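S.K.: The listed protein sequences derive, respectively, from chains A and B.
Count the first sequence with this note's numbering and you get residues 4 to 337, in order.
Count the second sequence with this note's numbering and you get residues 3 to 278, in order.
Among the clues, some could well be false.
If the Cβ cut is set under 10 Å, some of the chain A residues that face chain B in the computed set are [to be verified]:
| # | residue |
| --- | --- |
| 1 | Ala81 |
| 2 | Met93 |
| 3 | Ala150 |
| 4 | Pro240 |
Hints are computed from structural coordinates only; laboratory data are not their basis.
A quick note: this is a predicted structure, and the numbers were derived from the prediction, not measured.
In this text, a Cβ means the ideal position worked out from N, Cα and C, and glycines have one as well.
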Amino acid sequence: MGQIKLNQVTKRFGDVQVIPPLDLDINEGEFVVFVGPSGCGKSTLLRLIAGLEDTTSGHISIDGNDATQLAPAKRGLAMVFQSYALYPHMSVRKNIAFPMRMAGLDQATQDAKIDAAAKALNLTDYLDRKPGQLSGGQRQRVAIGRAIVREPAAFLFDEPLSNLDAALRVGMRLEIMELHEKLKTTMVYVTHDQVEAMTMADKIVVLQAGVIEQVGSPLELYHAPRNLFVAGFIGSPKMNLITGAEAQKFGAATIGVRPEHISVSKSEGVWKGKVGVAEHLGSDTFIHIHETGLMDMMTVRISGDIEARHGDTIYLTPDMTQMHKFDEKGLRQP
Amino acid sequence: MARAIPTRQKIMWTALAWAFGLLMFFPIMWTFLTSFKTEAAAIADPPVWLFFDWSLENYATVQERSNYPKALMNSIIIAVGSTLLGILIAVPAAWAMAFVPGKRTKDVLLWMLSTKMLPAVGVLYPLVLLAKYFDVMDSRILLIVVLMLINLPIIVWMLYTYFREIPGEILEAARMDGASLTSEILYVLTPMALPGIASTILLSIILAWNEAFWTILLTTVDAAPLTKFIASFSAPEGLFYAKLSAASILAIAPILVMGWFSQKQLVRGLTFGAVK
């Protein structure tokens with residue numbers, strides 16, 4: 004249960020093609036994250052799978068059955084929305100019960116499932132409250148509870164954490180991952196946050212302008228980005244991308260070195276620059292380096308701290324084994 | 003919040019507000035007073051205010067000469083009937099326009115509103131001819147349909163505005179949760195839009211209750227509502243102010259009482275979504 008296949012799916016809004024023909028396989032039990040900058044079509048893609056938008060052409064199949072024309076309710080999927088989308092006039096209990104009520108389950112089964120979900124999500128004390136009386140994190144848990152009790156073929160998450168504050172977001176992220184471990188149900192998760200994508204996914208789908216730029220495990224994307232877009236998008240701080248003469252020395256149109264793959268020295272190195280702002284995170288320090296003659300601003304990540312003042316001259320040495328090379332079309336060179 | 007306002011200014015504004023309020027209320031009060039006068043006292047010059055022989059005679063006469071309960075019943079059936087029929091049509095229409103708008107939705111809304119700009123007399127003959135053709139002149143069903151059509155643009159507009167306040171994601175969540183379109187409207191949309199729907203219903207009932215042009219022209223006896231009842235005290239026999247007043251008070255009393263009890267709801271509905 005929970006295998007989703009997209010075959011040559013397209014979506015147009017009027018004259019605008021949001022999703023050009025697209026193929027994608029989501030396997031049973033996988034945690035798949037759609038990631039990309041805003042407006043890249045990731046939410047539209049999720050809504051196409053959910054059935055909340057109609058495909059312009061192409062086919063979507065769920066567990067081997069053609070679901071392209073199926074109503075959202077008939078697809079056996081559950082969705083958690085960014086705004087939680089709880090029913091404000093119903094208590095938490097009734098919110099969680101709603102899908103079961105629609106499915107016509109008997110009261111005893113409903114109660115048992117509500118209790119189990121509430122226990123799993125720490126909502127037992129709040130069952131009789133209205134959503135308006137809950138905090139953001141609790142609301143999100145109710146939304147998840149409402150999804151769980153359906154026992155869906157797959158869960159769809161549309162940026163579920165972006166309305167939460169930073170601390171809560173990390174907590175909920177873990178809870179969702181735990182849930183996936185426990186249920187082993189397919190999850191499709193949309194986010195614009197590449198950290199969320201990297202930490203949660205079994206498989207990341209990087210999208211730009213409706214086109215899949217790369218599909219792969221987080222580490223595949225990190226170690227072998229297929230093109231410049233993925234190289235720049237995955238990883239924080241961003242990969243340093245150098246073009247021109249320096250790149251040609253390596254036989255490429257562009258070379259990329261991640262900030263963590265550059266070592267610094269005060270006396271010698273391959274590249275030279277001036278220290279700009281340094282961001283101290285405690286465990287790591289990000290140093291922004293100017294006047295390298297290679298690119299506007301290079302970022303270097305070093306563990307621990309460094310004695311470097313604004314304006315100091317500094318030498319940089321890239322780790323050649325971790326260098327990425329791209330041709331003039333922006334594609335990865337072997 | 004509290005600004006210091008000099009007492010003199012306060013008194014002045016209060017007096018002005020009261021004067022204006024009384025001026026607006028005066029015709030109704032005068033009608034009320036007149037309904038207890040004799041016909042002679044009603045047209046007395048100079049007018050008598052409070053010191054006349056108060057009597058319920060006019061009310062008794064009005065009851066004798068025409069059938070108030072029947073007119074009241076007709077008014078209720080027509081007002082409630084046209085409102086319910088209108089809501090039944092307008093909820094799906096407003097749902098469609100609010101949640102799945104097309105390119106021309108705005109135009110449709112404006113076009114519906116534009117029908118309210120048409121002078122009613124313009125369609126009098128076509129309507130009378132149609133009513134005769136279908137043999138429904140002087141029937142409640144005719145008035146229910148006609149008043150429903152007249153108020154429909156307003157009902158749709160109001161519901162549309164209320165529905166627009168409801169986040170579409172919640173309805174999508176219902177769809178994902180397995181709700182059919184009917185369940186979605188019944189269990190999710192309607193409860194959330196209830197204040198809006200209630201005030202729409204109230205306004206529609208009031209509009210239908212007070213509608214005089216069509217109700218007077220399209221009825222004779224059987225379907226005659228309270229508007230016709232009032233009008234029957236003006237025409238051929240001459241004007242009888244006192245009886246006319248009594249009839250008017252009888253006709254507006256129910257809607258006034260209803261309005262009084264539902265004013266909180268009405269205000270809440272009309273400002274729905276303005277304050278969150």
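S.K.: Report the numbers of all earlier hints that the structure fails to satisfy, in ascending order.
M.R.: Hint 4 is the one this structure does not satisfy, whereas the remaining hints hold.
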